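Engineer: Input sequences plus hints: build the corresponding full structure.
For the record, the sequence lines run as chains A and B. Numbering-wise (this note's numbering), the first sequence opens with residue 1 and increments by one. Numbering-wise (this note's numbering), the second sequence opens with residue 1 and increments by one.
In short, the hints are calculated from the structure, not lab data. Nothing here was measured: the structure is a model prediction, and the numbers come from that model. Some hints here could point you the wrong way.
Copies of the same chain are indistinguishable here, so a pair counts whether it falls within one copy or spans any two.
[Stated by the list, open to error] Taking lysine-lysine pairs in the DSSO-like style, the calculated list, with each CA pair at most 30 Å apart, reads:
#	residue 1	residue 2
1	Lys-118	Lys-3
2	Lys-27	Lys-118
3	Lys-57	Lys-3
Protein chains: 2
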Amino acid sequence: MEKNWLAQIQWNTDGLIPVIVQEQGSKDVLMMAWMNSDTLLETIELGQAIYWSRSRKKRWHKGEESGHFQNVQGVYLDCDGDTLLLVVEQVGAIACHTGAHSCFFQELESTSLPFGWKELSGVRK
Amino acid sequence: MEKNWLAQIQWNTDGLIPVIVQEQGSKDVLMMAWMNSDTLLETIELGQAIYWSRSRKKRWHKGEESGHFQNVQGVYLDCDGDTLLLVVEQVGAIACHTGAHSCFFQELESTSLPFGWKELSGVRK
Numbered sequence: 001m002e003k004n005w006l007a008q009i010q011w012n013t014d015g016l017i018p019v020i021v022q023e024q025g026s027k028d029v030l031m032m033a034w035m036n037s038d039t040l041l042e043t044i045e046l047g048q049a050i051y052w053s054r055s056r057k058k059r060w061h062k063g064e065e066s067g068h069f070q071n072v073q074g075v076y077l078d079c080d081g082d083t084l085l086l087v088v089e090q091v092g093a094i095a096c097h098t099g100a101h102s103c104f105f106q107e108l109e110s111t112s113l114p115f116g117w118k119e120l121s122g123v124r125k
Numbered sequence: 001m002e003k004n005w006l007a008q009i010q011w012n013t014d015g016l017i018p019v020i021v022q023e024q025g026s027k028d029v030l031m032m033a034w035m036n037s038d039t040l041l042e043t044i045e046l047g048q049a050i051y052w053s054r055s056r057k058k059r060w061h062k063g064e065e066s067g068h069f070q071n072v073q074g075v076y077l078d079c080d081g082d083t084l085l086l087v088v089e090q091v092g093a094i095a096c097h098t099g100a101h102s103c104f105f106q107e108l109e110s111t112s113l114p115f116g117w118k119e120l121s122g123v124r125k
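Structural biologist: As structure tokens, then:
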């Protein structure tokens, strides 16, 4: 495989790049994860999201335990080459390990004191 | 100001957190940037996005030079507290320093060889 496109990516000092994951259709931002060059290549070859787990320090095929795979619909690189945007079909509509649709289910309530993170409820979560 | 909500954030070893920026309405992912606790506080107090520029190592009030300010509509924290999602009204509909609407205007063409990053054109960019 021609890999010039891979060399255009600005990996961080750990050899990783942050990956924003957006659901096709709803356009909801589901999560953020990280990839190294191996897992990015594998993601593209397989057509499903495979990340690098920084906490477990290992390859992580998203959905391997939950069944909530992410089928890749598009891969985008930002202007300075140091962030990826992955557009996916989210199997089961659940991206978060908590069972939530999106990992971003805590909204900052800052219109009255005390400020705090408030969980979204119902369909928004 | 009560700041317990600030203590719930998992800052990285540089005291920063990645911030995904999404446009209200279109739900387009516009860019990714970074904040420290000072710029996050200032963002919330001002109601406009203020980041920490890692390359320039300084506070960066988005739009201060271009006029393309980002008016904050919502702030969300992810499940493990280490990534923020900022929903904004993008003044001028231009978020990228290149003049593009979104920084993610390079799409990976991987259906035929050679693979490569292809710039989106027209309204998609």
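Engineer: Give a verdict on every hint.
Structural biologist: Hints, one by one, checked against the model:
no. : hint               : verdict
1   : Lys-118 <-> Lys-3  : between (44 Å within a copy, 14 Å between copies)
2   : Lys-27 <-> Lys-118 : both (22 Å within a copy, 21 Å between copies)
3   : Lys-57 <-> Lys-3   : within (25 Å within a copy, 32 Å between copies)
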